[in-house]
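Participant: Chain residues, written in single-letter form:
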Amino acid sequence: MQNAPKIVRERLKAATPAVNHPDADVLTAFAERSLPELERAIVLEHLARCGDCRDIVALSLPATEAVEAAAIQARGQWFAWPTLRWAFVAAGVVAIASLGVVQLQHREVAQMAGKQSVSREAVAVSLEAKNQTTSLPMVSAPAATEQTKEKKSQVPALVLKDSGNASRQASAASNQVTPAEEPSLQKPPGSRGAVGGVVAGQLSNGPKMPEQWPQRQNAFGLQANAAPAPPPPTAKQTADAYASSNMLTTEARQSAQAPSAAPAINTPAENLDAHVQEQPSSPQPESDAVGKAKQPVKVEAQGAAAAQETIVAATPRDISAGRNDGANVRNSNQLNTSPSSTFRWIVNSDGGLERSVDRGNSWQGVDVNAQNSASSMSSKLAAKAARAKDKKDKSDAKKEAAATPVFRAVAAMGTEVWAGGSTGALFHSSDGGNHWTRVVPLFAGSTLTGDVVTLEFSDPQHGKITTSTPEVWTTTDAGLTWQKQ
Amino acid sequence: MSSAKQLTAVQSVVNDLVAELHAKGECEKIGLTRESFAVILCEVGAKHASAAKSESEIRTFFLSLRVDELALARACAAGHNSAWEVFLTRFREKLYLSALRIAREDSAAHELADTLYADLYGTSTRDGQRVSKLASYTGRGSLEGWLRTVLAQEYVNRYRKTKRLVSLDEESEEGVQYAAPDPEPIPAADNCLVQATDEALAFLSGEDRTVLSAYYLDGRTLAEIARMLGVHESTISRKLDKLAKGLRKQILAGLGRRGMSRRQAEEALEVDVRDLQVDIRRSLAQDSAPGAFSEKRVEARIREGPG
Chain B
1 MQNAPKIVRE RLKAATPAVN HPDADVLTAF AERSLPELER AIVLEHLARC GDCRDIVALS
61 LPATEAVEAA AIQARGQWFA WPTLRWAFVA AGVVAIASLG VVQLQHREVA QMAGKQSVSR
121 EAVAVSLEAK NQTTSLPMVS APAATEQTKE KKSQVPALVL KDSGNASRQA SAASNQVTPA
181 EEPSLQKPPG SRGAVGGVVA GQLSNGPKMP EQWPQRQNAF GLQANAAPAP PPPTAKQTAD
241 AYASSNMLTT EARQSAQAPS AAPAINTPAE NLDAHVQEQP SSPQPESDAV GKAKQPVKVE
301 AQGAAAAQET IVAATPRDIS AGRNDGANVR NSNQLNTSPS STFRWIVNSD GGLERSVDRG
361 NSWQGVDVNA QNSASSMSSK LAAKAARAKD KKDKSDAKKE AAATPVFRAV AAMGTEVWAG
421 GSTGALFHSS DGGNHWTRVV PLFAGSTLTG DVVTLEFSDP QHGKITTSTP EVWTTTDAGL
481 TWQKQ
Chain H
1 MSSAKQLTAV QSVVNDLVAE LHAKGECEKI GLTRESFAVI LCEVGAKHAS AAKSESEIRT
61 FFLSLRVDEL ALARACAAGH NSAWEVFLTR FREKLYLSAL RIAREDSAAH ELADTLYADL
121 YGTSTRDGQR VSKLASYTGR GSLEGWLRTV LAQEYVNRYR KTKRLVSLDE ESEEGVQYAA
181 PDPEPIPAAD NCLVQATDEA LAFLSGEDRT VLSAYYLDGR TLAEIARMLG VHESTISRKL
241 DKLAKGLRKQ ILAGLGRRGM SRRQAEEALE VDVRDLQVDI RRSLAQDSAP GAFSEKRVEA
301 RIREGPG
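Going down the list, the protein sequences come from chains B and H. Going by the numbering used here, the first residue of the first sequence is number 1, and it counts up by one from there. Going by the numbering used here, the first residue of the second sequence is number 1, and it counts up by one from there.
No lab work stands behind these hints: they were computed from the structure. Be aware that one or more of the hints could be misleading.
Derived DSBU-like pairs (lysine-lysine); straight-line CA-CA distance at most 30 Å [unchecked claim]: (1) H:LYS24 / H:LYS5; (2) B:LYS13 / H:LYS249; (3) B:LYS13 / H:LYS245; (4) B:LYS6 / H:LYS249; (5) H:LYS239 / B:LYS6; (6) H:LYS242 / B:LYS13; (7) H:LYS94 / H:LYS29.
Please work from the sequences and hints to get the whole structure.
Facilitator: Pasting the structure below:
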C-alpha cells in the first residue's frame with residue numbers, strides 16, 4: 001500500500017478544528033449505522049477534523065464487533081482461492097473413496113447372494129444324495145426323521161420334475177425343506193436372551209444355516225423324531241430373511257397335523273412367548289426370580305411357571321428357540337416390557353409415584369393399586385374394573401383416592417422397584433413397575449406401621465427401610481423376611 | 001420548513017403516533033403516562049427532526065426511535081424506582097464491562113463507571129430539580145451504545161485533562177532538565193505545495209478524510225477504521241491506497257497549475273525537508289582524508305630489520 005506524502009499529513013493536522021461536536025446520541029447512531037445519509041455525511045465531515053470525536057467513536061464500539069470482524073476475516077480467508085483449491089482436492093478424494101466403498105459393498109452383496117444360491121443348491125444335492133443312501137453324514141444336511149425323510153423324498157421329485165428352473169427349484173426346495181425341519185429349526189441354538197438369535201444370524205448370514213443344523217440335530221434329536229409330518233410346500237416361502245416367519249406359518253399348520261409330540265413343542269413356545277412378554281429380562285424360572293416378594297401371588301407368574309414346567313423336558317435351547325420364533329412380534333413385545341437403563345423413578349410433590357421410560361424426558365404416573373389388581377385379573381376383567389371405576393360416584397372416587405398410598409420414597413435397581421409411603425405402605429415390582437405386589441414386613445409379631453421415609457437397596461437381596469416412628473427394617477432375602485432393628 | 005411550522009408538524013405527528021409509541025415502549029410498566037411521553041417525543045422531535053422537510057420524514061424519524069429505551073431512560077431521569085430497577089438489571093454489568101474495555105484497568109474502570117452512574121442518577125441539581133444525564137438520551141441509538149459513548153466521552157475528557165498536567169518528579173527522572181535545546185525550526189514547506197495539497201484534500205469527501213486522519217494522524221489500524229465505518233478491512237486498505245495515489249496525482253497537477261514543471265513538481269513533492277534523511281556519520285566519514293602510511297608497511301619494515 002502506497003503511503004501518502006507527508007505534506008498530506010501535515011495539512012490534515014493543520015485543518016481547522018471542528019466545533020459543535022455531535023452529542024452522544026448522534027455519535028451512537030453513527031456508530032450503529034442508523035443515521036440518515038445526510039446526517040451521516042455531516043458527522044463524517046466533523047470526524048475528519050476532530051480527533052477527540054474519532055477517539056470517542058472508536059472507544060464506544062462494542063467489543064463483540066471485534067470478534068465478528070475477526071470471524072468475517074477468518075471466513076474470508078477460508079473462502080480464498082488458495083484454501084478453496086485444497087478443499088476441491090479433498091472433496092474429489094472423498095468422492096472417489098465413497099464410490100469405491102459403494103462398489104465394494106455391491107460386490108460383497110453379490111458374492112453373498114451367490115454363496116447363498118450355491119448353498120441352497122448344495123443342500124438340494126445333499127438331500128438327493130441322502131435319499132439315495134442312508135448313511136450320509138448329517139453335517140451338511142438338515143436333521144433327518146422318518147417323516148422328514150418322506151418329505152425330502154418328495155422334494156427331489158419336485159426338483160426333478162422341472163429341471164429347467166433348477167436353481168429356482170433348488171431354492172424353493174431348500175425353503176420347502178426348511179419347514180420340514182421346523183421341529184428342530186424352531187429351536188436353533190443361540191444365546192439365551194438373545195433377541196433375534198439365530199433369526200438375526202439367518203437374516204444376516206445365510207451360509208450359517210447348514211452349520212447350525214448339526215447342532216440342532218444333536219440337541220433335538222428326540223424332538224426331531226417326534227417331528228410332525230411335513231406340510232406341503234407353499235409358494236409363500238422365500239429366502240433366508242423370512243425363514244422365521246415360515247417357521248411360524250408351518251408351525252401353525254403342523255400343530256393341526258402333528259402328533260402328540262408337536263404340541264409339546266409348540267405349546268411351550270407359545271407359553272414361552274407369554275413368558276417372554278412378562279419376564280423379558282431373563283428366562284429364569286419363577287423360583288429363581290431375584291428379589292421377588294412372595295406374599296401376594298401373581299397369576300401371570302404362575303402361568304409363566306406352568307409354562308416353565310412344560311419346558312423342563314426341553315433343553316435351554318428350546319427356550320431361546322421359542323424366543324426366536326416370531327422375531328418380529330417378539331421383539332416389539334420385548335421392547336415394550338423389558339425394563340431398560342432408561343427407566344427413572346420419582347415421587348412427586350403429591351406423593352404419587354412416577355416413572356419415565358425415556359430417561360426423564362416425560363413422566364407417567366404409576367398406580368400401584370390398579371396394576372396390583374390387574375395383575376390378578378385377565379385383561380377383560382381389568383377392562384371391566386376400569387369401566388366400573390369410571391362410573392363410580394365422587395364419594396367412591398374419594399375413597400379410592402384415599403386408598404392410594406402417599407409415597408415418600410422409591411428405590412429402583414433395574415427391574416426391581418421398591419416404593420414406600422404413608423402408614424407402612426410398601427410395594428414391590430420386579431418387572432420395572434408393570435405389576436406390583438404389596439409387601440407387609442413382619443417381625444416378631446409386629447408389622448411396619450410408620451411412614452416409610454427412606455428405602456435403601458444395595459442389591460436386590462439386601463435392603464433397608466427407615467420409618468418415621470423411627471424404625472429400621474432390613475431384609476437380606478429380597479423382602480421375603482424382615483428384621484426390625 | 002420554518003421552525004414554527006416544523007414544531008407544528010412535529011406536534012401533529014406526535015399526536016398521531018403517541019398512542020402507538022406509548023404502547024410500543026411499554027411505558028405503563030415503568031410509570032410513564034401518555035401525556036408525559038408525548039412531551040418527551042416533542043422535545044426529541046424539536047431537537048433532531050429539524051432537518052426534516054415533510055411530515056412523512058418526521059413520522060419516519062419517530063418510528064425509527066427506540067421508544068422502549070427512551071421511555072426507560074426518561075423514567076429513570078424522572079426518578080421512577082421501577083424504571084431504575086429495570087435499568088440496573090439490564091445495564092449495570094454491561095456498563096462496567098464497557099468501562100473496563102475503555103480504561104483497560106480495573107480501578108480506573110470502576111471509577112469511570114461509578115462517576116457515570118452518579119451522573120445518570122442525577123446527583124447534581126439545577127433550580128431545585130435533579131439533573132440526570134439520562135434526560136439527554138433521545139433514542140436515536142441504542143441505550144447501551146449511548147452509555148458506551150458517554151463513557152468514552154468521559155474517558156477522553158479525563159485523559160485530556162491529565163495529559164496537560166505534568167509531574168515534575170517524572171520529568172526529572174527522564175532527564176528533562178538536561179534536554180538539549182530545541183534545534184532550529186524546520187522551514188515551512190513551499191507555499192505552492194501547501195496550497196496544492198489543501199486543494200487536493202478539499203476535493204475529498206468527509207469519509208475519505210476521516211480515513212486518512214484516522215490512519216495517518218491517530219495511528220489507527222485498518223481493522224479499527226473498518227469497524228468505525230462499518231466496512232471490511234480490505235475496503236479500507238484499498239481506499240487508502242487509492243487515496244494516496246490520487247492525492248499525489250492531484251498535488252502534482254496543482255503544482256503544475258502554479259507554474260511548476262513536472263520535474264519541479266515531483267521534486268517539490270518528494271524533496272521535502274521533512275522527508276530528507278541525512279546520514280551525518282556517513283557524510284563526516286567521507287569528508288576525512290586517508291592516512292599517509294599504512295600500518296602494515298611499518299610492521300614489515302620492523303620485522304626485516306633484525307633479520
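Participant: Hints first: check each against the structure and report whether it holds.
Facilitator: Hint-by-hint comparison with the structure:
Taking the CA atoms of LYS24 of chain H and LYS5 of chain H, the gap is near 27 Å; set against the 30 Å cutoff, the hint holds. Our distance criterion of 30 Å between C-alpha atoms is met by LYS13 of chain B and LYS249 of chain H, whose separation comes to about 21 Å. Note on LYS13 of chain B and LYS245 of chain H: the hinted pairing holds, with a Cα-Cα distance of about 20 Å set against a maximum of 30 Å. Between LYS6 of chain B and LYS249 of chain H the CA atoms are separated by roughly 14 Å; this keeps the pair inside 30 Å, and the hint holds.
Among the hinted pairs, LYS239 of chain H with LYS6 of chain B is consistent with the structure: their alpha-carbon atoms are about 18 Å apart, no more than 30 Å. Distance hint between LYS242 of chain H and LYS13 of chain B is fulfilled; the C-alpha atoms sit about 20 Å from each other, no more than 30 Å. As the CA atoms of LYS94 of chain H and LYS29 of chain H are separated by approximately 23 Å, the hinted pair is consistent with the 30 Å bound.
Going down the numbered hints, you'll see the structure goes against none, and every one checks out.
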